[in-house]
Amino acid sequence: MLFKLVIWLLSLRIGKLMRSDRDFRYAVREKNLMLQFALQNGEAVRYLDFDKGVYRTASGWHEAARQGNAVSYKGKRVATFSFASAWTGLALLIRGSKDSGVMLAAMREKTLVVKGDFTLFIWFGWLADQL
Amino acid sequence: MKQHIDDTSRAYFPAKGAQWEEVKQRLAAFKDRDIGQAQGRLNVYCHQGTPELQTIRDEAYTMFSHGNAMLGGFMEGSGTMEAEVLRMALEILNGAENGIGFITTGGTESIFCAMHAAREWALVNRPVPGTPEIITPYSAHAAFDKACHFLGMNIVRVALRDDLYADVAAMEAAVTENTIAIMGSAPCWPYGLIDPITEIAAVAMRHNLWMHVDACVGGYINPWLERLGYDIPTFDFRVPGVRSMSADLHKHGYAAKPCSTVLYSSSDAETYHYVPVDNWPIGEYRTAGMVGSRPAGSIATAWAVMNVLGEEGYVEMARQCMAVKERLVEGIEKIEDLKCLKNDSTMIYFRSETLDMMTIMGGLSERGYFPFGVFNPPMLQLVPEPTSDEVINDYLRTLAEVATGVRNGTITSTALARYT
Ligand SMILES: Cc1ncc(COP(=O)(O)O)c(C=O)c1O
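Protein sequence lines correspond, in order, to chains A and B.
Just so it is clear: in the first sequence, position 106 is 106 by the working numbering, and no numbers are missing.
Each number in the working numbering comes from the position in the second sequence (counting from 1) with 131 added on.
Hints may contain errors.
Some, not all, of what chain B presents toward chain A, calculated at C-beta under 8 Å [stated by the list, open to error]:
hint, residue
1, 273
2, 287
3, 293
4, 296
5, 483
6, 485
7, 489
8, 503
9, 509
10, 545
Think of the hints as simulated: they come from the structure by calculation, not from any bench.
All C-beta atoms in this analysis are idealised placements derived from N, C-alpha and C, irrespective of residue type, glycine included.
So that you can see chain A by itself, here it is in the shape it has in the complex:
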């Protein structure tokens, strides 16, 4: 499905930045956080895990996301972004990646639900700007 494909491309792009972009590596070197993408029907999409300079990504659930809505898991800041559907997810990523207002409106309408550490919502905005 297209949404999964877009998230996968995004994760590849981050991997490339981690390998080849010194400024990006510098910016995330101390970050210990995980962003989980999912659908509101309970389906996992993919996670992005930044662990003090080491980047991991895979489809499915990160173990932290299975533990509920805590803001942190073993010292790692964690957040789950659940989209109402793959299509809304796709639309939001395209329209909202450069405009946090679109994401905030989606949260109000519950087409996007952010659980866990809400500050990662801001960080995701930063991340999207780098891509």
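Take the given structure of chain A and dock chain B with the ligand to it, following the hints.
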């Protein structure tokens, strides 16, 4: 932070100077562009105190506005004034006879100094095999991350209990061979809660750790709330094991910024606090904290306000803050769907199960307010001050209007409260 100017096509540095009267008008215009005093009063313009205190600060600052407190050692008057402020600070916070303190530019620098002293202390008293670590509750101020960053240490933020207080058992479990310090806030900024300082200090003693209390907000108000009969747990040097405290005079001490204190339980800490330098052309150079030159003006305001208010005056200020808090809490809770979080300070935190707090913030900022808040969980924060009924009523009226607008969908703009 705004780094961009309005008009890039012109040069800003004038080739020829202008008359002070004209420059003064332009300066006043900047002030006018800032947020209105009344609208900012319960939040950004907090810790102003009464109009009388504002005048005292203005006059005291003016008397010392050219002074450099770095030279206090040579300036008989300024030096004594600073020493007296520190003595008063130690008296307020129950420091020991041989307790010492330093005036810094703010909570951040006080925390930096204390964490630096802890690191140096550990070199002698608790050498660690790896990178030194400090353990804090999740709610500790961001200044601890900054201090650790500058000092080459790691910060371990430990998840809170469900009631948002520090989880002492979890903090103790997080102690490793690299841990050198542990801390608690009294209260923390995000929730206004006083961590269980006595229990955290006991952990420090069990594991030979440096114990710091961040009383930046509470240092100069908790004692007065205690006098007023509020249930304030012991948080200061009376707690065994506490080695350092940060307490901001420019918050509830009502001094002008920048003015904070970093205090130590004993003069033994002096060795670990200072960074004496002598290998440069000037020879011996030792300053009070991180910075070199620093304002004598703000120290003068602290000295003046402390002497004008005295304990009685501070207690009265605290009483007024709590009275304003009570009125605001009552008003906020009358608004459908808004609930205040209980806390141990004068601050107010409110949230909603049903209304989107980001949209509430958007509505408030559209109406000239400057809403600040917390993300985890999304809440708005107010810092009550002795302020007029008009300011309180106007805030409550606006908030009620915004809540209604958010509920019925007529207000949709969102705002994010961020310290950037
Ligand atoms: C608990 C606490 N610690 C430290 C600080 C940092 O103080 P400053 O902004 O004066 O550096 C603050 C500021 O609000 C605070 O609330």
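Comparing the hints with the structure gives:
1. 273: Given a least distance of 11 Å, the restraint on residue 273 of chain B is violated.
2. 287: holds, 7 Å
3. 293: Violated: closest Cβ of chain A sits about 11 Å from residue 293 of chain B, beyond 8 Å.
4. 296: violated, 15 Å
5. 483: violated, 12 Å
6. 485: violated, 12 Å
7. 489: holds, 5 Å
8. 503: Because about 14 Å separates residue 503 of chain B from the closest Cβ in chain A, which is outside the 8 Å limit, the hint is violated.
9. 509: Cβ of residue 509 of chain B sits 6 Å from chain A, so the hint holds.
10. 545: Hint on residue 545 of chain B: holds, closest Cβ of chain A at ~4 Å, below 8 Å.
Hints 1, 3, 4, 5, 6 and 8 from the list above are not met by this structure, while the remaining hints are.
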